Amino acid sequence: MEAKRSLLAIFLLLSFLSISTAAPTRKTGTRKPCKSMVFYFHDIIYNGHNAKNATSAIVGSPQWGNKTILTGQNHFGDLVVFDDPITLDNNLHSKPVGRAQGFYIYDKKDIFTAWLGFSFVFNSTQHKGSINFAGADPLMNKTRDISVIGGTGDFFMARGVATLMTDAFEGEVYFRLRTDINLFECW
Amino acid sequence: MEAKRSLLAIFLLLSFLSISTAAPTRKTGTRKPCKSMVFYFHDIIYNGHNAKNATSAIVGSPQWGNKTILTGQNHFGDLVVFDDPITLDNNLHSKPVGRAQGFYIYDKKDIFTAWLGFSFVFNSTQHKGSINFAGADPLMNKTRDISVIGGTGDFFMARGVATLMTDAFEGEVYFRLRTDINLFECW
Amino acid sequence: MEAKRSLLAIFLLLSFLSISTAAPTRKTGTRKPCKSMVFYFHDIIYNGHNAKNATSAIVGSPQWGNKTILTGQNHFGDLVVFDDPITLDNNLHSKPVGRAQGFYIYDKKDIFTAWLGFSFVFNSTQHKGSINFAGADPLMNKTRDISVIGGTGDFFMARGVATLMTDAFEGEVYFRLRTDINLFECW
Numbered sequence: 002m003e004a005k006r007s008l009l010a011i012f013l014l015l016s017f018l019s020i021s022t023a024a025p026t027r028k029t030g031t032r033k034p035c036k037s038m039v040f041y042f043h044d045i046i047y048n049g050h051n052a053k054n055a056t057s058a059i060v061g062s063p064q065w066g067n068k069t070i071l072t073g074q075n076h077f078g079d080l081v082v083f084d085d086p087i088t089l090d091n092n093l094h095s096k097p098v099g100r101a102q103g104f105y106i107y108d109k110k111d112i113f114t115a116w117l118g119f120s121f122v123f124n125s126t127q128h129k130g131s132i133n134f135a136g137a138d139p140l141m142n143k144t145r146d147i148s149v150i151g152g153t154g155d156f157f158m159a160r161g162v163a164t165l166m167t168d169a170f171e172g173e174v175y176f177r178l179r180t181d182i183n184l185f186e187c188w
Numbered sequence: 002m003e004a005k006r007s008l009l010a011i012f013l014l015l016s017f018l019s020i021s022t023a024a025p026t027r028k029t030g031t032r033k034p035c036k037s038m039v040f041y042f043h044d045i046i047y048n049g050h051n052a053k054n055a056t057s058a059i060v061g062s063p064q065w066g067n068k069t070i071l072t073g074q075n076h077f078g079d080l081v082v083f084d085d086p087i088t089l090d091n092n093l094h095s096k097p098v099g100r101a102q103g104f105y106i107y108d109k110k111d112i113f114t115a116w117l118g119f120s121f122v123f124n125s126t127q128h129k130g131s132i133n134f135a136g137a138d139p140l141m142n143k144t145r146d147i148s149v150i151g152g153t154g155d156f157f158m159a160r161g162v163a164t165l166m167t168d169a170f171e172g173e174v175y176f177r178l179r180t181d182i183n184l185f186e187c188w
Numbered sequence: 002m003e004a005k006r007s008l009l010a011i012f013l014l015l016s017f018l019s020i021s022t023a024a025p026t027r028k029t030g031t032r033k034p035c036k037s038m039v040f041y042f043h044d045i046i047y048n049g050h051n052a053k054n055a056t057s058a059i060v061g062s063p064q065w066g067n068k069t070i071l072t073g074q075n076h077f078g079d080l081v082v083f084d085d086p087i088t089l090d091n092n093l094h095s096k097p098v099g100r101a102q103g104f105y106i107y108d109k110k111d112i113f114t115a116w117l118g119f120s121f122v123f124n125s126t127q128h129k130g131s132i133n134f135a136g137a138d139p140l141m142n143k144t145r146d147i148s149v150i151g152g153t154g155d156f157f158m159a160r161g162v163a164t165l166m167t168d169a170f171e172g173e174v175y176f177r178l179r180t181d182i183n184l185f186e187c188w
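Protein chains in written order, with this note's numbering: chain A, 2 to 188; chain B, 2 to 188; chain C, 2 to 188.
These aren't lab readings, by the way, just hints derived from the structure by calculation.
Please read these numbers as outputs of a predicted model, since none were measured by experiment.
Please note: incorrect hints may appear among the correct ones.
Note that the list lumps identical chains together, so a pair holds whenever it fits in one copy or between two copies.
Stated by the list, open to error - Cut-off 27 angstroms, straight-line C-alpha distance, at most; resulting in silico cross-link-like pairs (DSS-like, lysine-lysine): (1) K143 - K110; (2) K110 - K96; (3) K129 - K96; (4) K33 - K53; (5) K33 - K129; (6) K96 - K53; (7) K36 - K129; (8) K36 - K110; (9) K33 - K96; (10) K129 - K110; (11) K110 - K53; (12) K53 - K36.
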C-alpha cells in the first residue's frame with residue numbers, strides 16, 4: 002500500500018517536473034547548440050562614387066578623418082552604418098534572405114578591430130523575426146566570436162555565439178562576412 | 002520498511018529540487034511573461050531652434066547630411082542621441098517616471114528603419130534600476146519587437162521582448178513610442 | 002517487490018534530472034555570483050595634442066560641438082570610441098591584461114550620463130575570450146550597474162552585472178574606472 006503511494010508520489014513528481022523544467026532547450030553541459038545556421042552578408046561602403054550600390058556609409062569619424070574614405074591608423078574612430086543583404090551562399094548576387102542592419106565602429110589604432118551592434122532581420126517564408134548581436138570583432142583573426150544577445154519572432158529569446166569569418170574583401174569598399182550562428186538557448 | 006525509505010528518498014529529492022530549480026522564474030513552454038509593463042517615451046529632436054525643449058540631437062550623419070535636419074533617403078546614416086522622458090500614459094506633460102537614454106541610428110535608404118541601443122532608467126519609489134534594450138526597429142511596421150538584453154536593480158538580470166508602437170509623431174521633430182515590455186526571465 | 006521498483010524509479014529519475022539540470026551554474030535564489038572579478042580600465046581622450054598617448058577619440062558630436070574638446074552641457078551628444086588598457090590594479094602603467102574596446106555616448110544635458118556598449122577582450126595565458134557589456138552609466142553616482150549581455154571563450158554565454166566606479170579622473174582627459182564584474186550565469 003505504502004509502496005503504491007510512493008509510486009504515485011513519483012508520478013506526481015515527474016509530471017510536476019516536466020512542467021517546471023519545460024523551458025528553454027539547453028544543452029549546456031556539452032555545449033552542443035540547440036540551433037545552428039550559416040549566413041553570409043555583404044558590405045559595400047560608400048566612397049563618394051558608389052551611392053547606388055553602397056550598402057553602408059561612414060557617419061562618424063575622428064577629427065582627422067572624413068566620411069568618404071576610411072581613416073588611416075586602421076580606421077580608428079570610423080563609425081559605419083549598414084544595411085547589408087544576407088545570402089545563404091557566398092554570392093553577392095544570390096537572392097537575399099534577410100538584411101544585416103546596424104553599425105560597426107573601428108576602435109583601435111594599431112590593428113583593424115571593430116565593435117559591432119547589429120541585427121539579422123528576416124521576413125520570408127523561411128524565417129520571420131530578428132537575431133541581435135553585439136561584440137568585439139578583431140578583424141585580423143581568422144575567426145572571431147561575438148554574442149547573440151537576444152532574438153524575436155522565430156528566434157524568440159535566443160542566446161548564443163556567432164563566429165565571424167572574413168570570406169572576401171576588395172580594397173576598402175567591399176567585404177563579405179561568413180557568420181556561423183550557434184544558439185545555446187532556444188525557446 | 003523499504004517503502005518508507007523510498008518515501009524518504011522522494012522527500013529528500015523534492016527538497017533538493019526546490020533548491021536547484023529555485024532560480025529565475027521561467028514560464029517558457031507557454032511563453033507567458035513573468036512581468037509585463039507598458040510605458041511611453043517622448044522624443045523631441047533638436048532642429049536648430051528648439052534647444053530648450055529638445056530631448057535628442059543628431060550627432061552623426063553621412064557625408065551628405067547635417068546635424069540640424071534629418072537627412073533625405075529616409076534619414077539613412079543619421080545617429081541620434083536621446084534622453085527622453087518616460088510616462089505611464091501618452092501625455093508628454095505627465096509626470097515622468099524615468100528616462101529613456103541611448104541612441105538610434107537610421108540604417109536603410111529605402112524605408113525608415115533604425116537600430117536602437119538604449120536603457121530605461123528608473124529612480125523612483127516605484128522602480129529603481131534599469132532595463133537595457135537592443136534591436137532593429139523597422140519604423141513603418143505597426144509593431145516592432147526588440148530584445149531586453151539585461152537589467153539591474155529591480156530588473157536584475159531581466160530578459161525579454163519589448164514591442165514598440167509609434168503612438169504619435171509630428172513632422173520630423175516629435176515622436177512618441179508606446180513600449181510594451183514583456184519579461185520572460187525574472188530573477 | 003513494488004518498493005524496490007519504486008526505489009529504482011527514483012534512481013532513474015535522479016539520473017535523468019542530473020542531466021536535464023546540468024546546464025548553466027545558477028545561484029539565483031540567493032543572487033550569489035558564480036564568478037566575480039575586479040578590473041580597472043584607463044581612458045585617455047584625444048584633445049588635439051596627445052595623439053601618442055590617447056586611447057580614445059571623439060567621433061560624433063552635436064551641431065554645437067567639435068572633436069577635440071568635450072562639448073558643454075555635460076558633453077551631451079559626444080560619441081567617444083575607445084581602446085583602453087585593462088589592468089588588475091589602479092596603476093595606468095601596470096602590465097595590461099586585456100583591452101576595453103567600444104564606445105560611450107553622453108546622452109543628457111543636465112548632468113553627466115553616458116550609454117556604454119563595449120567589450121573586455123582578453124588574450125593571455127590567464128584569460129582568453131571576451132565579455133560584452135551594455136547599459137546606462139550615470140557618472141555622478143558613486144556606483145553604476147550595467148549588464149553583462151554575453152561572452153565568448155572563457156566567458157562563453159556569460160550573463161551578469163558589472164558595477165562601475167570612477168576611481169580617478171584628471172580634468173577632461175583621463176579617467177579610470179574600477180569594474181566589479183559579477184556573473185550569475187556561468188556555462
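Hints, one by one, checked against the model:
1. K143 - K110: within (19 angstroms within a copy, 31 angstroms between copies)
2. K110 - K96: between (37 angstroms within a copy, 19 angstroms between copies)
3. K129 - K96: Intra 16 angstroms, inter 38 angstroms, cutoff 27 angstroms: intra-copy only.
4. K33 - K53: Cα proximity of K33 and K53: none, with 42 angstroms in one copy and 45 angstroms across.
5. K33 - K129: So K33 and K129 pass the 27 angstroms test inside a copy (24 angstroms) and across (20 angstroms) alike.
6. K96 - K53: Within one copy only: 18 angstroms inside, 46 angstroms across.
7. K36 - K129: Both: 15 angstroms inside a chain and 25 angstroms across chains, each within 27 angstroms.
8. K36 - K110: neither (36 angstroms within a copy, 32 angstroms between copies)
9. K33 - K96: neither (30 angstroms within a copy, 36 angstroms between copies)
10. K129 - K110: between (39 angstroms within a copy, 21 angstroms between copies)
11. K110 - K53: Answer is between: at 10 angstroms across copies they meet the 27 angstroms cutoff, but 31 angstroms inside does not.
12. K53 - K36: Result: close neither inside a copy nor across copies, 36 angstroms intra and 46 angstroms inter.
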